[in-house]
Amino acid sequence: MTGAPTVSDTPWLDQDGQKPLVQIKGVTKKYGDVTAVDNVDLDIYQGELFCLLGGSGCGKSTLLRMLAGFESLNGGSITIDGMDMADVPAYERPTNMMFQSYALFPHMSVEKNIAFGLQQDRVPKNDIVDRVHDILTLVELQDFKKRKPQQLSGGQRQRVALARALVKQPKLLLLDEPLAALDKKLRKQTQFELANIQEKVGVTFIVVTHDQEEAMTLSSRMAVMDAGRFQQIGTPTEIYEFPDSRFVADFIGSANFFEGRVTEDSSDHVRVQTDVAEVYIDHGQSVLVGSKIWVALRPEKIQIVKTDEPVSGPNTVNGVVDDIGYLGETSIYKVALPNGQIVDVTAPNQSRPTSETPRITWEEKVAISWEPSSVMLLNA
Amino acid sequence: MSDAAAQTAPAATPETKPLMQRIRRKLQNNWRSIVVMVPFAWLLIFFLAPFFIVAKISLAELAIASPPFTKMIEWADSGIMTIRIVFDNFTYIFEDDLYLNTYLNSLKISTTSTFLCLLFGYPIAYAIVRSGPVAKPVLLFLIILPFWTSFLLRVYAWMGLLADQGTINNLLISLGLIDEPIRMLYTEFAVYVGIVYTYMPFMILPLYANMEKLDGSLNEAAADLGSRPTNTFFKVTLPLTLPGIIAGCLLVFIPATGEYVIPDLLGGGNVNMIGRVLYNEFSRNSDWPVAAAVAIVLLFLLVLPIMVFQYFQGKASEAS
Amino acid sequence: MYGKRSRFLTIMLTLGLAFFYIPMILLIIYSFNYSKIVPVWGGWSLRWYEVLFQSEEVWSAVSLSLQIAFINATFATILGALAGLAMVRFGRFRGRTLFGGMLVAPLVMPEVITGLSLLVFFISLNELVGWPAERGFTTITIAHITFSMAFVAVTIQARLTGMGEDLEEAAADLGAKPFKVLTAITLPRLTPALISGWLLAFTLSLDDLVIASFVTGPGANTLPILIFSRIRLGLRPDINALATIIILVISICVLIAAILMFRQQRADLRDQQMAAGENS
Chain A
0 MTGAPTVSDT PWLDQDGQKP LVQIKGVTKK YGDVTAVDNV DLDIYQGELF
50 CLLGGSGCGK STLLRMLAGF ESLNGGSITI DGMDMADVPA YERPTNMMFQ
100 SYALFPHMSV EKNIAFGLQQ DRVPKNDIVD RVHDILTLVE LQDFKKRKPQ
150 QLSGGQRQRV ALARALVKQP KLLLLDEPLA ALDKKLRKQT QFELANIQEK
200 VGVTFIVVTH DQEEAMTLSS RMAVMDAGRF QQIGTPTEIY EFPDSRFVAD
250 FIGSANFFEG RVTEDSSDHV RVQTDVAEVY IDHGQSVLVG SKIWVALRPE
300 KIQIVKTDEP VSGPNTVNGV VDDIGYLGET SIYKVALPNG QIVDVTAPNQ
350 SRPTSETPRI TWEEKVAISW EPSSVMLLNA
Chain B
0 MSDAAAQTAP AATPETKPLM QRIRRKLQNN WRSIVVMVPF AWLLIFFLAP
50 FFIVAKISLA ELAIASPPFT KMIEWADSGI MTIRIVFDNF TYIFEDDLYL
100 NTYLNSLKIS TTSTFLCLLF GYPIAYAIVR SGPVAKPVLL FLIILPFWTS
150 FLLRVYAWMG LLADQGTINN LLISLGLIDE PIRMLYTEFA VYVGIVYTYM
200 PFMILPLYAN MEKLDGSLNE AAADLGSRPT NTFFKVTLPL TLPGIIAGCL
250 LVFIPATGEY VIPDLLGGGN VNMIGRVLYN EFSRNSDWPV AAAVAIVLLF
300 LLVLPIMVFQ YFQGKASEAS
Chain C
0 MYGKRSRFLT IMLTLGLAFF YIPMILLIIY SFNYSKIVPV WGGWSLRWYE
50 VLFQSEEVWS AVSLSLQIAF INATFATILG ALAGLAMVRF GRFRGRTLFG
100 GMLVAPLVMP EVITGLSLLV FFISLNELVG WPAERGFTTI TIAHITFSMA
150 FVAVTIQARL TGMGEDLEEA AADLGAKPFK VLTAITLPRL TPALISGWLL
200 AFTLSLDDLV IASFVTGPGA NTLPILIFSR IRLGLRPDIN ALATIIILVI
250 SICVLIAAIL MFRQQRADLR DQQMAAGENS
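Going down the list, the protein sequences come from chains A, B and C.
If you're matching positions, the first sequence starts at 0 in numbering that gives the first Met the number 0 and goes up one per residue.
If you're matching positions, the second sequence starts at 0 in numbering that gives the first Met the number 0 and goes up one per residue.
If you're matching positions, the third sequence starts at 0 in numbering that gives the first Met the number 0 and goes up one per residue.
Among the clues, some could well be false.
Said to hold, decoys possible - Here are the simulated SDA-like cross-link-like pairs (lysine to any residue), alpha carbons at most 20 Å apart as the crow flies:
hint, chain 1, residue 1, chain 2, residue 2
1, C, Lys179, A, Pro105
2, A, Lys145, C, Pro187
3, B, Lys135, C, Gln263
4, C, Lys176, B, Arg31
5, A, Lys147, C, Met273
6, A, Lys305, A, Tyr325
What the hints assert, rightly or not - Here are the computed distance ranges between Cβ atoms for each label pair:
hint, chain 1, residue 1, chain 2, residue 2, range
7, B, Phe86, C, Gly161, 44 to 50 Å
8, B, Leu141, C, Ile28, 16 to 22 Å
9, C, Arg262, B, Leu141, 18 to 24 Å
10, C, Gly161, B, Thr229, 30 to 36 Å
Treat the hints as calculated values from the structure; they're not laboratory data.
The model shown is predicted, which means the values in this text are computed figures rather than measured ones.
Where is the CB? At the ideal position from N, CA and C, for every residue including glycine.
Chain A extracted, bound-state conformation:
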């Protein structure tokens, strides 16, 4: 993120023995026969902007609602700031939630909506006025304070919802698909605003989203969730560049997968033999020689060049262009390999095509190659 961070960039590392703000241990939630959340563990630290990313039905919203106190637990425990939340009802928790539908009170003005939470805490009237004013300034809605929610646009309502949740200075702010209702352009702009606000205010955010880009942009750390379980937890970089499994590799961004067998394993390199190529990875990874393994490559990490001569060597394959998708910024090439597998390769269109350097076109013979460091080895 831009600007001088007021909150540590890596709160989960600079601990000095500090306990995590939120401890989720063995939490389970069942609805009849369906297990929505399956025995999950997670620690979240003060100052993080943590994203729960997953498709619909993966359990992320359920987990969020359990943190807020709207759903009971069928197993496990949730501890916030050292306190077990077991018998604590929603209105006594140190959390505040920003709802997907915003849930603004239609019979109250923007001002009154925001003041509501402070009134429940018996905050003195003068303080309420000041704090409401400050938060409205933060979200840039001072001029709208007398309006009712129906008189606001979608983006404005979203900011009111955020202000209402933040004004109470909760230890934990829970956001349920905060940007889902906004159109694409507004969403991009708001992503950055949201992250900036979090830095300024220093509150720990937990965001639930199905949008990968959002999760990648916003989070300091994220968890990819599927079928009630965490598939991987880590920073956006870790998850994108070093996915644990095919599921995560395919869920975030896209990837090409090759199945192969480990032929060499040493402390500084690994060699894998697949159907189509020999893959050389330039760092060590603990794998068993002879074992089956999956190799994944991101489309943007593959180079593509026209060639008439067949190439050989590690980390290269011959192919024929099967299909092309022109996206303006980039082009996606679908390359057919000798064994029939189709590989996606994306390349930026860095310069305009000329007669001397025409674009790669259909049915052309090409060679694709990649850096040894770009290879992702997956066990699952």
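Once you have looked at the hints, place chains B and C on chain A.
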């Protein structure tokens, strides 16, 4: 609350503090029970209990007493309790042809009226749904207005129309179409007209509510797949409006079976419906046990439809 | 929905509306009939309205009915709202099925049955504890409250289910205790439904004949009871006059309500336009 208010809160002594806290806690935890208990208690006392008393009376004998029936439970001087239950009233009802015919007649009339309401009400509801955005609220208003107007007066209006010297007969005679007035008032025909007239809104409104929620694009999809309008209606629209049809039919059938006013005003003494019989048994003959038995039998007849109605009400509220 | 109304539907609609309104219009016209025999036209006259206004019986019946209706509507709304709330928001509780059944049955129960059962109840109660010794105002009101509250409960339930729980959850999340959520969030949003419930209960009470007939006592004649006793014997022009007044009063009220609702919709539309007109 400001600081001032907090400071002037009553200073609690060590003894009262836990008690007050306990009471407040109890209230906070149990206010829901209170919310439920009040209407629940009211209904138990004033709705449910009366039915049991009616049942009790139906099992008693007619007596010259006030109230005119024998007690069920009597305490003799020696402290022995005797319970008298008599089924005579029920056997009387079942053996007497009059009652049997009346029940059957009531069912016949209410089922036919329900069917007629459906026959006419369905197209009307459909027509409203298909109306333009300006016409729709106006039409709804026009349909609902009679519903709010006095039921009694609407029946009275038909008395004026159907009488021998009433408007319809006058019109037909003055037009030369007939020589003598047609007997319409105090016939079964008049009862049908009365029931359909007054109960029609109860058929139209549930149908309308159901139809309004239907997805218009379903009809379009059917047409796109080659279905002609009539076929679309029977295969797509009609099945989807079934909940509305059932709700409307029950809302008409159940109360119409026990109707009293319409058979009395429009049917005169000539149309036997069970509501009238019950009222007469009770007020004129003062035969409370029999009246009670008549009511209990009617209740049994209607229990099944009432339960079906409750079931559909529950489903409707879950669906929305 | 697609397509305009077909000819058939339009015809049915017109016939239907004619069927609804012609009887009432004729009723009104004949109230201005000079002749004592209703269907025989004797010229325009307001004499029956005079007769009406001078009738003590009529005024006391009107007064009684209005009082009962008012008290009934208020209590029925309170009880019905509590019942509706409990059914929708309280989840499963002991006796919920029975409670729900008791809230649905009055909607369809034939009035002779409820009337009879309440009467014998009052009489037995009198035997037991000496109250109510005289039937009339109180017993009618109690009877009306009992069935009106079911209608109010249905109205409230429909509205609550349509409303969704989001706002209540948000309020709880912001620290409001459940009771506070009820008073600050749920009830204000319920106001339109409460008002229409009140009006519904008011109308039902005003209109009720059968149940009132059963549970009333000597001297306590409600308006429907009065009207009924008079029209049983045949057509009466002063009843036409009374009918006209009632129909007109009710029509005006319903019209006002419709206009208010229409105004509300226009205001909502303006709000939406205001919101959409600006860029976030």
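Hints, one by one, checked against the model:
1. C:Lys179 <-> A:Pro105: Cα-Cα ~17 Å, so holds.
2. A:Lys145 <-> C:Pro187: holds (19 Å)
3. B:Lys135 <-> C:Gln263: Holds, at about 17 Å.
4. C:Lys176 <-> B:Arg31: holds (13 Å)
5. A:Lys147 <-> C:Met273: At roughly 11 Å apart (the allowed maximum being 20 Å), Met273 of chain C and Lys147 of chain A satisfy the hint.
6. A:Lys305 <-> A:Tyr325: With a Cα-Cα distance of about 17 Å, the restraint between Lys305 of chain A and Tyr325 of chain A holds, given a limit of 20 Å.
7. B:Phe86 <-> C:Gly161: 44 to 50 Å: Cβ of Phe86 of chain B to Cβ of Gly161 of chain C: about 49 Å, so the range 44 to 50 Å holds.
8. B:Leu141 <-> C:Ile28: 16 to 22 Å: holds (19 Å)
9. C:Arg262 <-> B:Leu141: 18 to 24 Å: holds (20 Å)
10. C:Gly161 <-> B:Thr229: 30 to 36 Å: holds (34 Å)
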